[in-house]
Every structure is written in structure tokens, then in C-alpha cells.
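Heads up: the sequence lines are chains A and B, in that order.
Converting from the first sequence to the working numbering requires adding 18 to each position, the first position being numbered 1.
Converting from the second sequence to the working numbering requires adding 15 to each position, the first position being numbered 1.
These are computed hints drawn from the structure, not numbers from a lab.
Hints should not be assumed to be uniformly reliable.
[Stated by the list, open to error] Cut-off 25 angstroms, straight-line C-alpha distance, at most; resulting in silico cross-link-like pairs (PhoX-like, lysine-lysine):
(1) Lys79/A <-> Lys183/A
(2) Lys292/B <-> Lys438/B
(3) Lys79/A <-> Lys156/A
(4) Lys53/A <-> Lys156/A
(5) Lys219/B <-> Lys79/A
(6) Lys438/B <-> Lys183/A
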Amino acid sequence: MTVSEPGTAVGTATGTGAGNIDGQAIAITVFSTVKWWGKHWLPLLFTTLRLIPPLTRDLRKLSFIHFARWTLIRELPANGDTAPRTRLRYPHLFFESNFNDGWEEYIDAFSYVLTRGMSLFWASSYGFPGALPTGPFKDYIHRNELEAAHYYSAYPEATATMVRKALALAPAVADFAERAVRLSPAEFEGAWSAFLTDAQDLL
Amino acid sequence: MTIATPRIRRTPPVPDLADIQGGILRAYGNDYSRTTYLFVNVDETRAGLRWLGRLVDDVTSARPWTAGKPATTLNVALTYDGLRALGLSAELLATFSDEFRAGMAARAAQLGDVGTSAPEYWDTPARAHVILIVNALSEDDLTGRLADLRADLGRYEGLSLMHEEHASLLPGVREHFGFADGFAQPAVEGVTDEKAPGGGVRDKDGWRGLALGEFVLGYPDESGRDSDGQDLPSAPAGPLGRNSTYGVWRKLEQDVALFRETLRTSAAAFPGGDEEKLAAKIVGRWRNGTPIVLSPDGPAADFRGNDPGANDFLYHDVDADGRRCPLGAHIRRSNPRDSIGFGELLSFRHRMLRRGVPYGPPLPPEATGPDGQQRGLIFVCYVASISRQFESVQVQWLEDGNVFGLGHDKDFLIRGPADGSGKMTVPGEPPFFLGPQPTFVTTRGGQYLFVPGITGLGAVAAGTAG
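In isolation and in its complexed conformation, chain B is listed as follows (with noise of 0.2 angstroms):
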């Protein structure tokens, strides 16, 4: 299936690097193992505007390092409350998207943060203000550089540092369960257009990346594209409208010896009794990766994530009714690629730029049992519609199962109901039916961000912005 109208020829807009924050468009790249995000309260404004226009200068922009790379990276996002703290008016607050205005823990019923997921469990703030990402390459570089941003917090009357998270990355890159993560991501038009095969979208002439304003504001989006870029996305007024985006934070904590006990339990019915089969049944992919619709029987020995090609696949035409990759495996659902039918044209409007890292140890290959350690996963994507890039995929593709003819099964992996009902189809002959579900991973956080331009951020600080 291609996109069935003329298209019209042109060439995408020129991100302009130095103004867009890094760490967006293109991951800082995995050299760099540490990440702690600081939230901050503003109590006072003038405090705070001051404390930002001696921040912007350093913020890290996403303009290529010709002189090797820093030591650290330094990024700033506000949440709406911020926005509000900071003095923004208030004609210019009611152009920021409604469900960045409203936040995530007003959208926690939608999102199935229910139970213990719910916002009053959450062990970060509900409330912040402006959250720091920094980026270091080893431990002292990170220590510095978060020694130094606290003293100059302390510096001022009416900022308060609420809370650090922590994360870092494992070995091998893997996520807690155990599987190496991160690497399928959209391609992005003029700036990652190599990622195109798998990651963009089909026209006439093959794969092509996706507009950048479905990531950055102020660009024509897909939509824009095909006016000729005459329209552009609803975005903010004034300077915080371009090169800005808008973030999503999580704290995923994810119940790494629950998963392993269950794998186990359940592999003992599953035929063969194969329990990495069953994992890549779950999530989609064997633990280095490789996709198990490409590679039903086992893993390729020397698949990369990253390699050209890797993401290259697609369900409808090989497996269509997921006897290789089951219709509710993990990435199946959470990027359906063409598995919905009519192409990618029914998920491509649903891409998001993820940059998760994950926080605490990990539990040792030879645990029996859980440790008493919290580990998870700080969940962040930068997407220019909450609602349609984030949202949509979070409560129709996650949260519900019906667009898949799953009924109402929620994702197995990531969204265990409440009350222990649930299940998972594993096609095949006969199918295998995986329940109860149980809850391996729990919403510890949340929060929906805005991400400014530089230039807006500066304009923020200098009480310019409107």
C-alpha cells in the first residue's frame, strides 16, 4: 500500500540544529552511560528567570560536535506548571496543547495508570517545574557536573531541587528484562534518512523518512507536507513555537524476578517448553534483538540493532495472522508497522522519538527471588502531538487490543490489569493462551514536558516570550 495522491517535489526544511535542544532528533549515543534528570521548583519568578538566563547558555544544542564530545550534555524542559511559575500570560499559555495543559496525572484514567500505577503512588514529584536532563560519559563527569548545578541552584532565594533521578545504561545496552532496546526508531526527513526502511513511511518512490514536524514544531508535519508546507502544526505562539517539542517522562519500574517466574511457569505448558521462545513471543524479538517475524526459530547470532537494514520488516504480507510474531507481541503493538492493514498508513501518524534509559541495577542472572531493589525504566519520547503520537498509542494500541482484534487484552508485557484478569494469544497450532497476566511493570512517575527551542528558552528567561 502506498499513499495513493500526487505528492509535490521539494526538499525538506533545514533543521536549524543550533536553536533545536539535543538529544532529540539524534540520541547523544550510548557513550553516554549516565543520565539524571533534576527537577526544580520555582517558588519565585524572578528567581527562576534569572537562574535560566545564566542556564541557557549552556544548554546543548543539537548542532554536530566538531570538537569531540562533552564530557556532559545539559537540556532544560518545562511542565505546564513551570510554564505558569515562570510568568508566561496566560493568552500565551492557551495555545500549549490541552493535554500538556491539563498533565499526565490528569490523564491517569485514559492511560491505564490505575491501581497501583495511580498518581498517588508515584514516588516523584506530581507537581514540578523545570526538569534538567544531563548527560555525562562516566560517573566523575556526572558528579561534577551535578555538584556544580546545585550550588548554583543554592544560589538563589525560591528554587527548590525536588528531586534526582538517576538512570543508566546496562551492559550491553538491554533493558531490565533483558532485552536490547531502543534502536527501532522513526526516521526522520532530512536528518535521518537512513533510518528510512522500516522506520518512515512508503510512497511511490520506496521509504522516505517522516516530515520533521511530526518531532519538532515549527516544521510542516505529515499533514503539512502534503500542502506544500502551507499549513503548520498547532504549535505555541510567538518564539516557544519553533524548534521547540513537546517531551513525555516516565518512571517505569519494571519487576524484573516476576518476569523471569513467570517465563519460567509458563514455559513448562508452552511447546517445546522453550522459555526464550516464549519471551520473543512476548515482546517480538529475541533478547539481542533480532525480530522474531524475520527469524522464528531463533536468533541471528550477529544481528545489530543499530546496523543498517536492521529495522527493515514488516508483518502483513509474511504474518498476517502472527504465527511468527503473535498480533500482541509488545512491538507489534507498541509500532504496528503494517499490521493493521492499508500499509503504514494507519500508525504512521504515531511515531515517537524514544530516548529512555534505564534506572537501578540489575537483578543478578542467579537470583531466585526479588531483591528489594527498584529498577526500571525512565521512559522519555519527543513527539509535536501528545495526544495523537503518545496518547493514541498508549490507550488504543496498549491499553485496549481491539484495533488488532485482540478484544480488550492489554499489552502482556508492559500493562498488567489490576484484578489479575487478562491474557495473551500466542498463535499457533493449537494456540497458547498466557494468563493470568500478571503486573511486571508499574508507573512509579509521569510527567507531559515541553522542550523549548533555544532561542525560546532564552526568550522565556528574558520575560520576552509573552
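Excised from the complex, chain A in its bound form (with noise of 0.2 angstroms):
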């Protein structure tokens, strides 16, 4: 794994501003203003995805998101140990989140696979034009969005997909070479095809 300089990195990441890239992972940041009744909204929203699993389900089978979280801000937090918090007249949601490829990629996902979630995560913000179609959409995130100061990725070539199988497969490879020390050559021919057609979808 070669380690590039944090933010140089040229990956396969495209469309958006170059401070959100850092060799295969993309960030995105949005703020939007909510209405009156987000504030009820939202958590009641948040509540009930974090109940009902099966909920988020098509959301998590999107690998090449890391992450996706959503937040309401009600109040900014001290800027220094003397200074007050400062309430917000208007709460905001705050998204953000950290995927693999192209940013139209991840938009469209959020627009054609995601479209009732969306719509019910922005539903309380301003301006909020509808998860479909997608070219309204993309333009509201494009409007609201923050492109990152510093952004950093450890693992610059590595995405989630990737560390995910790296993970899987470690215990696979354990357990075969433990096995294999105690096997003959015969055997141990048979026994390496398996576990190559066992775990070719990690490879």
C-alpha cells in the first residue's frame, strides 16, 4: 500500500471540489436551514430508523458508502473555553458522509434507490426541491454543501468495499493455514482449490 500525501492524492474519486478527495474516498458536508416543525420531525425520524433496522436496509447495501449520518443542530458549541453556546434561531441538518467513486454516483444513488429516504430526511429543510429528479436534487446539495478545510484519509488506496472482504477473508486465511500444516501435498491440492472457490468473492 503506498501511502500519498493527505489531499494530493489522485484516486478514482470525481465531482466535487478537490478538497473533499483523498485518494479513493470522497466527504460531503451539507447544512440546510430547517422549518419550524423539523425539530420535532427529525428526531422522531431519527428514532425510528435506529428501531426498525430493516428500515435503512437498501442504505447499508450501498457499499461504497462508509458512512452516512444526519444530525440536528439546535445549538452551535463554545468556540473556546469562555465563550457561551450559541443558540440557533433556526435548527439546521447537518449531513455528512464519507463513500468511494464518483460524487454524481452517490447522488444518484440517493435519488433513484433512496428516493422516499431522502425526502423524508430533507422533508422539514428549505428549499428542498424533492429527491426526484435527481437534476434538482443534485443542484439543492451542490448549493448546501461545504467543501472540507483538511480531509484525510489513512488509507488512501484502500475503500470500503475493499477493507470490508480484507476483513472477512483475514479468518478464512488463518483458519486454512492453519490446516494446511497438517496436510498432505495431496491433500493439501484439493483442500487449496476449495478454499479458493470458497473465498473467490473476497479475492
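Two chains, two frames, some hints: make the complex.
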């Protein structure tokens, strides 16, 4: 694995500001102002999604997304020890996510695959045009997106999919290595072939 | 998986075929066995405008021919440098897409045109202004038309013919590696609806063609379709924003001797030793075009790519793990259909109308090594967005394998890494690993193009485009 200077790696990432890209990873940071009823609606939505995991199944199936997080911000934390916390007149929805591949593909997946979910998350935000059609939705996200001042990926060559596969492969390799020492050459040939067959999706 | 949201029922927009240039929405067809690309530079704006003004009336439109096929066709494409040389205003130039304005050579790093594929080694002009595309039924027809065009150019001071690229169909409409090519095209709603099964997208009523605006500017695209045509995709301002399209032109040299040699040596270790099967695993089709996902044990003798239904196949339900057609097979990567999951929803915005033609003589079947001849494919495609349709396929699907769970594996057929690393996994029991990956295909030239509608082209020539 090669290690690049933070923020300078050229990966496969496309479609967003250079500050949002490091190696294979792209950051997205979106703030939107929330209507008065959002401060009741969003906590209700968050709790429901937490309690009923199948509701977020499709989101989890999109393996190029490392994570996606929606937060309701009602006050800004103190800037230094002495400054007071600032209570916001309007609450804001803070969305952050890290993902691989392209920005366009990411928002397309939100629009086409998670249409209803995205509409629920942003329903209470001012100016939200709906998750479909995807054109105005992309414009909306672009308008509310902040480019990262600093974005760092410790493993710029790795993607979430690759890491997940490597984690699944590691115990299989360890198990095979442990069994292999007890096998005759003839047995090993068959066992190796069986191991490759079982593990091929992870290689 | 079907699109979940309710769609507004409406009749698709009618394309203005008399204004859209020919060869885009429909190919001219295999009777036009010869294609030549003339690269013209405009050193003096007024000469360029006068020349184009005379040419406009000869440009072939998409209107159906009623009096038989013409002996030759003529189409005109412009680069960003060309639009500037022809005197378009800075305000109008700013309305063209970023990647088109940058040009293909400037995107080489992202596109994987590095090493021997880098622009400094290209053998076509890196800076070009106008590309004339001439199709001809016969060699004689071509010779005559080219002579006329050259003579016409010679009448103007301040125009130079920089380069000629000659391409012609190979016997059996194969590409140089020996595979039938070019028939899995996207279906366009209201134009080529008959291609919808496998070439369009599924909604609750079944297959339908893709919105016209995915391929021609000035019409709703798939996003605009969802808003009942209320918003139109980004396009240049004024008359150039209607009935026009963006084009991608690439000269891709193919090392046929190396491809054959690799098949021979690799098949020795491949279960069954079947060279043809290994070739089919790399491409995703048998040589006659039969998709290997439908026919894993051998080609269907009667397969014809242009038959109705020939393109009506998917991957996910029958072959999610790639035991029939490897996840890394060339056609599965470049057009994954439902392979990524969620039906076609993550792939249908990335389709291109491909209009490529091979160049160079075929390598004789009995050849045992390179013959010193250059050969390959002039890859041409037409899209409404170069970045969304061409570049994302090239960058996300061919240059990198992550989206298919293939790590950093590049497309084995067309994207060999310069350092000789790389592999392709052929799933099976056990899987077979092809590698190290040779470089079968080298980029030898490329341009991002804009193909105006005929009215738009006339406005450019008249200096009234803006």
C-alpha cells in the first residue's frame, strides 16, 4: 500500500471539489436550514430508523458508502472555553458522509434507490426540491455543500468494500493456514482449490 | 427492481430529425463500410466561417432517406478550440460543459491515458478544431467525396487539413480481436423503442427506451422526464443548445498478436484448456456475439446481435457471482445492466450511443506474431454529458473495479496497467486467475467533440450563434 500526501492523492474519485477528495474517498458535508416543525419531525425520524433496522437496509446495501450521518443542530458549541453556546434561531440539518467512486453516482443512488428515505430526511429543510428528479436535487446539495478545509484518509488506496472483504478474508486465511500444516501435498491441492472456491468473492 | 415513484404518463418528445445530424440516434448502417475523419484547423476565423457556411447545406441530417441511400454522408463536429477559433463569444463558450472545455488530453490522468497511452505519444493532432466525418458505401464513393472536400478546403487561405484517419468495417462486422461488436446500444424513447428490452430501463410497465435528452441536447433527459419535462439538462446557450450533442472520439490501437498469444499461453492452464471459452470469459461474449451469461458452454450458432431480443439479458438473478459471465468481463463492466444491484438504477444514466469503426487491416489468422501494421478501433460515442456518461464509465467501471467488488482490477481487455501488474478473476470451482495483465489496447489519440444541430451549425457559420 502506498501512502500519499494528505489531500494530494489522485484516486478514482470524481465530481467534487479537490478539498473533498483524498485517495479513494470523498467527503460530503451539507448544512440546510430546517423549518420550525423539523425539530420535532427529525428526532422522531431518527428514533424510528434506529429502532427498526430493516428501514435502512437499502442504505446499508450501497457498499460504496462508508457511512452517512444526519444530525439536527439546534445550537453551536462554544468556540473556546469562555464563549457561550449559541442557540440557533433556526435549527439546521447537518449531513455528513464518506464514500467511494463519484459524487454524481452517489447522489444518483440517493435519488433513484433511496428516493423515499431522502425525501423524509430533507422534508423539513427549506428549499428542498424533492429527491427526484435528480437534477434539482443535485443542484440543491451542491448549493448547501461545504468544501472540506482539511480531509485526510489514512488508507488512500482502500475503499470500504475492499476493507470489508479483507476483514472477512483474514480469518479464512488464518484458518486455512492452520489446517494446511497438517495436510499431505495431495490433500493440500484439494484443500487449496476448495479454499479458493469458497473465498473467491473476497480475493 | 423497478422505479418506485409514480411517473407522469406523457408522450415522448418528437426529435427534430431534420435538424439533428445523422449517424447519432441511428447508425448509418453496415452498408457504409468506410468512414474517414478529416481534422481541419481554422487559423483564420473569417475563412473558417465562409467555409462552414458553404458546408452546412451538405451536412447529412437524421431525417429518414426516402430516395435510397446516398453514396456518402457528411457530418461536422467541433472541438472547444474549434468553437473559439470560429469566434464564439466568451459568454457563450462559458456555457459548454467543463470537461468539453478542458478537452480529452487534459483529462488523461483520470481517464487512465498514461504511460504509452499518454497524449504525448498520440499520433493524431492534440489540438484540432473541426472534424469532418465522411461515411461512404464504397471506396470509389469515398475517394470522390474526399477529393471534393480537400479541393474545397484548398480554396480558402487560413484553413489547414491536419490529419486524415481512415476506418473501415472488417468482414463480418467484427472488431480486430475477432468479436462481433456494436449492437448492444441503448434504446432511445420515441426513436428506437424496439431496442428497449435490455437497452432501456424497467419501470412498472416493463422496459422503455431512455429519454431522448440522454443523447440529444434540448430535450428532457431522465431527470427531466421525472419532472414532466419541466427542467432541461445543462446545454450551451442559444441555438447550439438544441438538437446538438457531445461526442467522444478515441483512436484505440489493438495489439492483436499479443491478445492471441495471451489466450494461447493462458489457456494452457485454464480448466479444459479451451482458448475460445477463455476469450469469451474475458469479453463476456462468444466471438459471434452470444452473451456468455445466456450460453455459458458455447455460442448459439444462430445468434445475431441485431435480432429483436438479442440484447434482452440481465445478470443479477441468473449470475450474481459471475460463474457464467465474470464480474470483470469487458461487456459486464462497460454496461453492467443490473449487475451493481438495484436493477438498472445505478447504471442507466451512464449509457452511450456508440458509433465506432475499426481501422487498419486484419491480422491474418495464420500470423504467428506482430506484422508491424497498425490497427484498432476508432471509438466514437454520443452523449448529453461527457462526464456522466463517458467519463464515469471509463473511470469508475473500466479503470477501477471497486464498484463491482473487484478492488483495483482494471478492465482486462482494454486497460492494461503500465507496470505489468493487474489480473482478472474468472469465477469458478476453483476460480482461475488471469495475469499479469498485458496491455492489449493503447490510446493513440482523442478529442472531446460538440456536434451541433444543423441550425446551430448554420448560426456558427453566420456568426449569429452568440
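Outcome of the hint check:
| no. | hint | verdict |
| --- | --- | --- |
| 1 | Lys79/A <-> Lys183/A | 14 angstroms, holds |
| 2 | Lys292/B <-> Lys438/B | 17 angstroms, holds |
| 3 | Lys79/A <-> Lys156/A | 22 angstroms, holds |
| 4 | Lys53/A <-> Lys156/A | 21 angstroms, holds |
| 5 | Lys219/B <-> Lys79/A | 23 angstroms, holds |
| 6 | Lys438/B <-> Lys183/A | 17 angstroms, holds |
In the structure shown, no violation is registered for any of the earlier numbered hints.
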